[in-house]
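Participant: Hey, can you work out the whole structure from these sequences and the hints?
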Amino acid sequence: MTSELSLLGLSLQVAVVATVMNLVPALAVSWLLVKRRIPGGFVLDLLVSLPLALPPVAIGFFLLLLLGREGPFGRISQTLFGSDIVFTWFAAAIAAAIVSFPLMTRSIMVAMAGVDQRLELSARTLGAGPWRVFLTITVPLAYRGILAGLLLGFVRALSEFGATIVVAGNISGRTETLPLAVYSNILLGKDGQALKLIAITIALAVISLAVHNWLLSRGGHREVNG
Amino acid sequence: MTPNADGVSAKRPGDREPIARFHIIKEFSGFTLDCEAQFSSGVTAVFGRSGSGKTTLLNCLAGMVRPDDGYIEIMGRPVYSSGGNSSGRRATHLPPERRHIGYVFQDGMLFPHMSVAANIDYGHALVAPDRRTLRPDDVIELLELGPLVDRPVGGLSGGEAQRVALARALAASPELLLLDEPLSSLDAVMRGVIIRYLKKVWTELRIPMVLVSHSLSEVMALAEDTLVLSGGKKVAQGPPARVLGEPAVGAMADYPALENLVEAEIVRPTEGSRPGQILVGDATLEAPDVYGRIGERVTVSIRASDIIIATGKPSGLSARNVVPARLTELDVVSGRTLAHFDVGARLVVEIMDVSVREMGLRPGSDVYLIMKSNSVQVLNPERP
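Chains as they are written, first to last, in this note's numbering: chain A, 1 to 226; chain B, 1001 to 1384.
Source of the hints: derived by calculation from the structure; they are not laboratory data. Note that the Cβ used here is the ideal one computed from N, Cα and C, for glycine as well. Hints are supplied without guarantee of correctness; some may be wrong.
Unchecked claim - Cβ-to-Cβ under 8 Å is the rule here; a few derived chain A residues that face chain B:
1. Gly114
2. Arg118
3. Thr125
4. Gly127
5. Ile137
6. Val139
7. Pro140
Facilitator: Laid out in structure tokens, this is it:
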């Protein structure tokens, strides 16, 4: 039981850190694409969605090249902290963050697009600058959709496997998250243990998705009436 | 109730500074707005069909849309300049929040996550204290919003929402107020109510307004000056009564639907089957549904095609309203004639060309206007 708990703990830690890392970039990118309609936005839009279309294992490989001892970020980490990023839980969090970023951002974009631009323009004419409009109008009106996007990203981060195993390995007690442990148990022929872990994963996913759907249904309701 | 006169930094139209001076060029797909004009009256209407560019013009003034070329000055301050050509101006494009221009959208656009009071405070709180000319309480009193302030905005009616939107814009102490079709989403009665409040904004607060409308009746009821746009170009500008007769306006106006929306005072409310009485200018008129207090000011609607003209005082009529009036102007537009009358208030009557000739009507003619009391509709929501 203790091993399941520590697996669960590490998985949650990785997914939560990945989600928190994504929050600000996802809000910023959504705002630029939906509200600012920046020139060349379609390139950014494409880049945001790219991880969704790539095999996670390829993303893991790119990350390995970037974060590894010979990669630019790996070297910085070596110089600054005297330690590697790859094959740590933090590498797993980075992998989970990148893979879950498109889902999170696309949900937040939908939520922000649902806020009538004329409300934001009204606030501008009342003296609010773009930053204040974002904080007092856009975010409060889109917060359910933003939370739903965060949860969707969280669920995706929780189930991340392909990129993680490449860049963080599968080190028991250090980088082994629930999906990796499922994989190990299958390889070892421990079907019962694998199923048990899958059950935990399913429970987490069901809870998160239920909350996600609840947020969106109430959020949609409010948009219509507001 | 008068606005706080201290710290008024805004220039008011009385200073003879034009409210707005601009030349706006903005191209859209297959359509170009190219309009040079000056607004100097307290209330200016921008009139035109949908797609004529009138809302785009308003959005350029507010800073929501950036023109391609030209310049915009509000109260003598340059707020936009392309910096090009021979203007000698530096390229400028002030964002909306730095223009001190209030903007009221067609359907109010209240912040749905805030109460009425929070909506009204939103802009006020962002104005530098030394620039504030109005307090939220003043505005709430002027627009009679007291009973609504603690309500969430979700439950407001269209007319209430429009009033709160107006209050919200005013509480930010704007130097100029822009209104995009402020009446078009309202029913007839609410329209009359909002017209009264809009008039107060100018008469009591001296905040100049520019409003966009596709309704001649609204333009006549509210504006002193009218800019007529067609296909992105200015085709006429002048007082509504004058512009009304322009052929360019005739082509886009729906004269049979033309209403006289005039201000009136309640003389005697309706009691049972006895009709009430109102005072329009110098004329006392009977109307079936007059509800409210004696002396209360209301808006009254009389269709231009519901008024009959007689050269002599008629007798033996069932119509209850016979009012002496002087013809001031005749406009012949696309086969229809609009006769303007002065009864202490201005009334427009639509008649046939033939009648004008046969009756020998000309400006200066003294006649009688005949209206059934049922044609006089008092736009007041109060009912016993």
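Participant: Looking at the structure, which of the earlier hints fail to hold?
Facilitator: Hints 1, 6 contradicted; others consistent.
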